[in-house]
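Enquirer: Chains as they are written, first to last, in my numbering: chain A, 1 to 233; chain B, 1 to 300.
These are computed hints drawn from the structure, not numbers from a lab.
On a predicted model such as this, the values are computed, not experimentally measured, just so you know.
One should not assume that every hint holds.
Derived lysine-lysine pairs resembling DSSO-like cross-links, with alpha carbons at most 30 Å apart [claimed, not checked]:
1) K210/A - K228/A
2) K110/A - K98/B
3) K227/A - K181/A
4) K15/A - K98/B
5) K15/A - K227/A
6) K185/B - K76/A
7) K107/A - K98/B
Computed, partial: chain B to chain A, Cβ under 10 Å [said to hold, decoys possible]:
8) S129
9) E130
10) D175
11) K185
12) R191
13) L192
14) I195
15) N196
Quick reminder that beta carbons are idealized off the backbone N, C-alpha and C, glycines included.
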Amino acid sequence: MLDIQNLHAGYGQMKVLQGIDLNIQQGEIVALLGSNGAGKSTLNNNISGIYEPTAGAILFEGENITGLRSEQVVQKGIIHVPEGRRIFPNISVRENLELGSYLRGQKNRKANLDRVVGVFPRLQERFSQLAGTLSGGEQQMLAIGRGMMAEPRLMILDEPSLGLSPLLVEEMFGLIQDLNKTGLSFFLVEQNVMQSLEIADRAYVIENGKIVLSGNTDALLDDPELKKSYLGV
Amino acid sequence: MEFLGLDLPSYSWQTVLGSAISGVFLGSIYALVALGLTLIYGVLHIINFAHGALLMLAMYAVFFLWKLLGLDPYLAMLIVVPGAYIFGYGLQRGVIGKASHGRDEIILLVTLGVSIVIENAALFFFSASERSVLVPYDLDGIDLGVTYAVYPELIALGGSLLITFALWLFMSLTDTGKAIRAVAKERQGARLVGINVDHIFAVTFGIGTACVAAAASLLVPTYAVHPQIGYLFVLIAFTVVVLGGMGSFIGALVGGFLIGVTEQLGRLYLGESMGVITISVIFILVLLFRPTGLFGQRSG
Ligand SMILES: Nc1ncnc2c1ncn2[C@@H]1O[C@H](COP(=O)(O)OP(=O)(O)OP(=O)(O)O)[C@@H](O)[C@H]1O
Ligand SMILES: [Mg+2]
Chain A
1 MLDIQNLHAG YGQMKVLQGI DLNIQQGEIV ALLGSNGAGK STLNNNISGI YEPTAGAILF
61 EGENITGLRS EQVVQKGIIH VPEGRRIFPN ISVRENLELG SYLRGQKNRK ANLDRVVGVF
121 PRLQERFSQL AGTLSGGEQQ MLAIGRGMMA EPRLMILDEP SLGLSPLLVE EMFGLIQDLN
181 KTGLSFFLVE QNVMQSLEIA DRAYVIENGK IVLSGNTDAL LDDPELKKSY LGV
Chain B
1 MEFLGLDLPS YSWQTVLGSA ISGVFLGSIY ALVALGLTLI YGVLHIINFA HGALLMLAMY
61 AVFFLWKLLG LDPYLAMLIV VPGAYIFGYG LQRGVIGKAS HGRDEIILLV TLGVSIVIEN
121 AALFFFSASE RSVLVPYDLD GIDLGVTYAV YPELIALGGS LLITFALWLF MSLTDTGKAI
181 RAVAKERQGA RLVGINVDHI FAVTFGIGTA CVAAAASLLV PTYAVHPQIG YLFVLIAFTV
241 VVLGGMGSFI GALVGGFLIG VTEQLGRLYL GESMGVITIS VIFILVLLFR PTGLFGQRSG
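Sequences are here, hints too, so could you generate the full structure?
Expert: Spelled out as structure tokens, the structure:
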């Protein structure tokens, strides 16, 4: 579905990604693990067209989407729920969700809105509240809900569990699995290594802009390197 | 009557009320000019120095449509407003956005440059002389008892209120309106839902320019056109925007009325030339005691 080949990217003179190879198959949950500053968000932003890679290729369903503008990437069905949520604080919860289908999923807006509030009943209670006044956890729900409004085919989640209570984290991983069962593929960036590996099919580990480890999650869970650096055992 | 040591003339309440009402009419146009300015500020976070020049340009367009084609200035709105939208869209997308590389201090200089270019072009092509549109109904009107309101005043008030309301509906109900508000605060989030931010910026600039063109149509029956006319209104519009609160629609409306009424009462009591000075005094008082304006947000 998504095929990233030898991707290089950075900010001005600073090189961050130094030849990333990574792929996601239809229907998979693929986790990306790595320490702070490894380049995870940079990779996401280059996939979704916020930044343009300096070299390499990104293919989506065989089509080259390298360097496309963000709205073109959204149109393809790659929906990026970014780190820090990036919801619209100055407009209502409802309007945030509606704008989720600004470009894609316009036709089924009503039905998708019902579906999102079915998943997050809390959002419906706060429909007319300004999104900036939501709690952190509610904002995270809104960010995911807004992404769902675009009828994604591949959803990129950048640290969705950040700032959530353990109970909510549990719920969120459950939700990802539920959505995955409906055919949605996920690229999941997480610090919650254990839980991500439990729900993911495969995982990649990134260090200093390079993939240093990858494979099926069952195998990775037994990997001594990973255990040492990420699980602290 | 004495006030702050000044010896002010005494007037009957009818005269004062009549003067205040004419201030409301005047203020409605200030509000409309300020509306475009506050919209552009609220979304693009730039103070558009070209706003006055665009007002002047639109007034010339209305004038020439009347002079050459005999088109009524109010009907001219049907041409000038869409034309201004397209012009404003192109100006932002092709010039201001491109030249500024996203840096606010450069945008400021670019809009200033644009205004200088437009004003000098107007001086060159149209000369500094004043031109007036004569409409047959400019002195007809309705007797309100305390004052006589001419049709151009009534149309200005009605038109401004209608346009402000229509713009508010547009911003609340349409996807483009919601996108404009979203982009004002969260550009990256906007891009991630597929909003083309450059397009929305240009749309916003176009709408702001369309507002000022509507104001031009409403002004032309009572104000002569000349290359410097924009300054007068835009300086007042800046005051209105700051008074009302940067970025606030309702603030632009209320601020416009307040300034219009203040100016007319200032004229009445202090004489013609002091009218504008009372505005500046209000402006400074607002900045001292409520720097975010009447309806402005405290932060962000
Ligand atoms: N907009 C930017 N401009 C310049 N440098 C940046 C920018 N964003 C990130 N960087 C730098 O790029 C490197 C990778 O950052 P990135 O955000 O991709 O890390 P990350 O893996 O997502 O980390 P974290 O787990 O903390 O979110 C860091 O050194 C960071 O300082
Ligand atoms: Mg990150």
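Enquirer: Would you mind marking each hint as holding or not holding in the structure?
Expert: Going through the hints against the structure:
| no. | hint | verdict |
| --- | --- | --- |
| 1 | K210/A - K228/A | holds (19 Å) |
| 2 | K110/A - K98/B | violated (38 Å) |
| 3 | K227/A - K181/A | holds (29 Å) |
| 4 | K15/A - K98/B | holds (27 Å) |
| 5 | K15/A - K227/A | holds (28 Å) |
| 6 | K185/B - K76/A | holds (26 Å) |
| 7 | K107/A - K98/B | violated (34 Å) |
| 8 | S129 | violated (46 Å) |
| 9 | E130 | violated (43 Å) |
| 10 | D175 | holds (6 Å) |
| 11 | K185 | holds (5 Å) |
| 12 | R191 | holds (4 Å) |
| 13 | L192 | holds (5 Å) |
| 14 | I195 | holds (6 Å) |
| 15 | N196 | holds (5 Å) |
Taken one by one, the earlier hints fail for this structure at numbers 2, 7, 8 and 9, listed in ascending order.
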